[in-house]
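A.B. asks: Sequence:
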Amino acid sequence: MDLKLAGKRALVTGGSSGLGEGISLALGKAGAKVAVNYRSHPEAADAIKGQIETAGGEATTFQADVTDSAGVAAMFAHLDSQWGGIDLLVNCAGIDGPRADSWECDPDQWRRVLEINLIGAFSCSREALRRMIPQKSGVVLNITSVHEKIAWSGYSAYTASKAGLSMLTKTMAQEAGPHGVRVVSLAPGAIRTPINKSVWSDPAQMKDLMSKIPLDRIGEVDDVAKMAVMLLSDAAGYVTGTTVFVDGGMTDYPSFEQGG
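FYI, in our numbering the residues of the sequence shown are 6 to 265.
Each hint should be verified, as a subset may be incorrect.
As the list claims (entries may be wrong) - Calculated cross-link-like contacts (lysine-lysine; reagent style PhoX-like; alpha-carbon spacing at most 20 Å):
{"id": "1", "residue 1": "K141", "residue 2": "K175"}
{"id": "2", "residue 1": "K34", "residue 2": "K231"}
{"id": "3", "residue 1": "K202", "residue 2": "K217"}
Note that these hints are calculated values from the structure, not bench results.
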């Protein structure tokens, strides 16, 4: 199975940390040219660019807030100028927001989660598809979450944004399919990243987490990154308009293994 992406021009939003970092590095290893988008901390993006280049790949960085439509347009114009367009887009920029029950949350904070996770992904996808449709090739990969399917008390904005992103994936796939362009979602479960260190570094919380995962281990960034490369490659050339879950079986609801 050939998962090589040699010469493909890829953009990873939120590519300077966590899952975005892992996906950026995996794409570089697979031979793609990688544009690492970041909102802050340019040193982190530069470090990833350096790792890709040290391994013999090609990479660039670009600062942009995905909620700023003008900034998003400028980022894609920069890729047009530098690489002549784009073949692969990974919408990975996202936040979960502060925990609060729906009737107690701050409306501005709630809206901010949707602006980044859903509207930001739409804006980037719109720019990408405007380039992919004429060339009749390309892949948009949206990073959603098991919480596109599983409710999560205290995080209604996050769950709404991820469920919305799932349906956006399906609709864009339906629109773009006749033009040879695929749109797919990848939904991670519990993955070991710095953002959730408070969970996986605490024995009690880890015990509770493991009760939710049939494979009985927390996921690693590489689990997600390798699947991302596969979905972006021609090996998944007949996959579009769906979500692939990388969650160790969390969405299989292991609490029901002894019956309801």
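A.B. asks: Which earlier hints turn out false for this structure, listed by number in ascending order?
C.D. replies: Violated hints: none at all, because every hint is consistent with the structure.
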